[in-house]
Amino acid sequence: MSITANINDEKNALVITVPGRFDFSKHNEFRKAYKDKQIESGVYEIDLHSTEYLDSSALGMMLLLKEVADSNSSVVKITHANDELREILRIASFEKLFVIE
Amino acid sequence: MNEPLTLLVVDDDITNRMVLRALLKADGYQVFEAENGQQAVDTVSKKQIDIILMDVMMPVLDGYQAAQIIKSEIEYFIPIIFLTAITDEALLAKCLASGGDDVLTKPYSHVLLRAKIDSMNRIRILNRKIEQQNNELNKHNTRIQQEINVAKKVFANILNHDMRGSKSGLRYSMSPMSVFNGDVIFSDVNQSNGLDVLISDFTGHGLSAAISSIPMADIFYAMTRKGFSFKETLTEANNKLVKMLPTQMFMSAAFISVDRLNNVLSVVNAGLPDLYLIRDGEIIKTFKSKNLPLGIISVTADTFEMDMASLHYGDRLLAATDGIMEAENADGEFYGVARIIDSINSAENADSLFNKVLNDCMAFTHNAQQSDDITLIELHHKKDIDYENKNDVAVVNTPSNWSMQFSLDVDSLRKFDILPYIMQGVNGLQSIPNGRSTVQTILAEIFSNSLDHGVLSLDSSLKNDAGGYLQFYQQKTERLNSVEEGNIQITLSHEQRGDGGVLTIHVVDSGDGFDYTAMNESLESNTGLHGRGLPLIKTLCQDVCYMGKGNVVVATYAWGSEAISADS
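Here the protein sequences line up with chains X and Y, keeping their order. One point on numbering: in our numbering, the residue at position 96 of the first sequence is 96, and numbering is uninterrupted. One point on numbering: in our numbering, the residue at position 219 of the second sequence is 219, and numbering is uninterrupted.
None of these hints come from the bench; they were simulated from the model. Honestly, I wouldn't trust all of these hints.
What the hints assert, rightly or not - The calculated lysine to any residue pairs, modelled on SDA-like cross-linking and capped at a C-alpha distance of 20 Å, are:
(1) Y:Lys243 with X:Leu97
(2) X:Lys96 with Y:Lys285
(3) Y:Lys285 with X:Arg90
(4) X:Lys66 with Y:Val242
(5) Y:Lys285 with X:Glu87
(6) Y:Lys288 with X:Asp55
(7) Y:Lys288 with X:Lys66
(8) Y:Lys243 with X:Arg90
(9) Y:Lys290 with X:Asn8
(10) Y:Lys288 with X:Arg86
(11) X:Lys66 with X:Asn8
Claimed, not checked - Incomplete in silico selection of chain X near chain Y, CB under 7 Å:
(12) Pro19
(13) Gly20
(14) Ser56
(15) Leu63
(16) Leu85
(17) Leu89
(18) Ser93
Said to hold, decoys possible - Stretches of chain Y that chain X covers, calculated by requiring three or more beta carbons in the stretch to come under 8 Å of a beta carbon on chain X:
(19) 265 to 276
(20) 356 to 366
Just so it is clear, the structure is predicted and the values come from calculations on it, not from any experiment. Even glycine gets a Cβ: it sits at the ideal position worked out from N, Cα and C.
Turn these sequences into a full structure, and let the hints guide you.
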């Protein structure tokens with residue numbers, strides 16, 4: 001299963017899903033997912049509903065996406081994280097940087 | 001410019017050999033001949049042969065055997081094309097099974113033979129290329145492996161040399177690769193003679209993570225030794241990392257400080273898994289991460305959220321990087337928090353706790369791919385501790401006479417921790433062998449008394465129990481933010497006496513003072529949590545004298561021969 005990235009015109013959002021393990025092996029794929037799909041003054045949504053696992057390099061990739069979003073006056077939302085993933089995000093205090101829903 | 005291809009014709013029939021030779025020479029190949037399999041084996045070992053054309057039935061050694069030997073003994077790829085009159089399919093298959101790469105039955109078409117030689121040559125060239133690349137890769141790998149081994153040792157030396165010995169109460173386990181993956185433990189003795197410990201973990205693995213940890217060592221040791229508070233140390237470290245690291249990299253860390261004067265533990269957890277404080281086999285406090293990891297955004301010191309707990313002797317603090325949580329077994333399961341807590345709860349006694357947690361995790365990952373990223377520490381709050389390699393710098397003594405004065409208004413007191421700078425000043429002017437940290441302790445105690453009880457009018461009886469201590473700390477933060485006036489004046493003067501000297505510390509605060517007639521209590525009778533400061537100063541100093549309404553204190557510290565004469 002690979003990363004998908006779909007533009008939702010209605011919400012002016014790019015929705016990125018990362019199925020399975022979100023770790024360093026997804027680095028290039030994740031970057032490609034948003035590289036050519038710029039969102040102006042909108043939302044980059046990382047949808048984790050099918051994500052089983054996050055490691056610290058995944059957190060790093062989210063920071064990279066945030067940098068892109070910041071430069072496009074957009075925000076990054078992290079959605080549908082299960083309890084385990086939420087705990088990882090909590091440990092990293094990512095609620096201070098991202099909207100987590 | 002290409003060298004002609006070298007072919008070896010192996011046939012016991014001289015006519016066959018001559019026909020082939022003539023044909024191949026006409027095509028521009030260089031041709032060698034062998035009369036049987038054995039001669040072929042000998043030729044191949046002496047000469048550079050590119051392709052072999054091999055008959056099957058020959059005296060001494062037949063084509064099958066010769067092909068087998070050549071394929072097993074020659075390290076590079078030599079294509080062998082069997083040329084045979086055999087038509088039996090099983091025997092033709094045997095040609096390929098014994099190491100032949102192709103078969104052509106006699107009588108064969110010359111056109112087809114040429115085509116097969118060309119085709120085999122292409123495969124041969126490809127093989128050669130792969131072999132070369134493999135060799136290079138192997139050489140490269142070996143060299144890298146050697147470099148990594150050396151680098152690992154260097155890193156271990158730079159980063160983790162300061163564990164302060166077996167009697168310090170600090171125990172740790174780091175798997176060899178974890179050092180190189182950017183896991184780090186630093187520790188140093190603080191002003192209260194307790195330990196300050198930084199345990200941290202960089203995102204990502206390998207060289208970039210490892211390199212980034214080096215400046216952290218400089219910041220940690222330089223700042224803790226100069227007596228900076230650990231929020232300031234963390235701020236400095238964070239802001240350095242923000243500048244240094246690419247966006248996707250950061251450092252998860254916990255800063256742990258044990259105050260042995262007040263028996264208080266302070267923890268700033270920035271992105272590490274929970275730390276556990278364990279008393280009598282039970283977890284009595286969990287220090288959860290409340291801060292962003294370091295190196296993501298610039299911060300000021302008050303950004304950091306700190307947790308505190310009172311300590312009893314025998315308490316143990318466990319901290320780990322996420323390696324232990326993410327240790328995987330053969331089924332791809334993670335070790336996880338619940339199993340760690342189980343290990344803690346089922347440890348037979350406090351001394352076996354550390355190994356129990358570690359061994360349980362090792363047993364869990366037993367059959368899985370080596371999980372090489374585990375870093376675990378235990379800090380044992382012992383009554384008696386002893387440190388190895390305490391850092392008192394031995395400098396040539398140059399006693400001299402000097403004095404310096406600092407005057408701080410309330411705004412400066414609020415914003416600025418002056419002590420490290422005063423200590424830098426003292427150290428710059430005066431080398432006091434083995435007395436550096438003592439002077440620092442005296443100064444810190446006197447200064448905090450003047451600030452807490454003088455300028456901020458805090459009630460020290462609050463510190464009677466552990467809960468009160470935390471309340472005291474909270475009140476201090478509040479009052480420091482709200483207080484409108486006040487000041488502290490510090491005068492330090494040094495006088496040379498013999499080969500030593502006397503340092504006088506004179507501190508005046510703007511507060512209401514206190515009844516200092518009661519301060520003659522001895523250390524022995526003082527068992528409460530508060531009031532440790534004054535008796536401690538008294539034991540460290542030659543003389544401590546309160547004056548005025550209790551808002552003026554003069555302490556003298558003697559060193560060198562002067563200290564001895566003053567003692568007698």
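Consistency of the hints with the structure:
no.	hint	in the structure
1	Y:Lys243 with X:Leu97	18 Å, holds
2	X:Lys96 with Y:Lys285	24 Å, violated
3	Y:Lys285 with X:Arg90	18 Å, holds
4	X:Lys66 with Y:Val242	15 Å, holds
5	Y:Lys285 with X:Glu87	18 Å, holds
6	Y:Lys288 with X:Asp55	18 Å, holds
7	Y:Lys288 with X:Lys66	25 Å, violated
8	Y:Lys243 with X:Arg90	24 Å, violated
9	Y:Lys290 with X:Asn8	34 Å, violated
10	Y:Lys288 with X:Arg86	14 Å, holds
11	X:Lys66 with X:Asn8	19 Å, holds
12	Pro19	16 Å, violated
13	Gly20	11 Å, violated
14	Ser56	4 Å, holds
15	Leu63	5 Å, holds
16	Leu85	12 Å, violated
17	Leu89	11 Å, violated
18	Ser93	5 Å, holds
19	265 to 276	holds (count 4)
20	356 to 366	violated (count 0)
The structure is inconsistent with the numbered hints 2, 7, 8, 9, 12, 13, 16, 17 and 20, although it conforms to all the rest.
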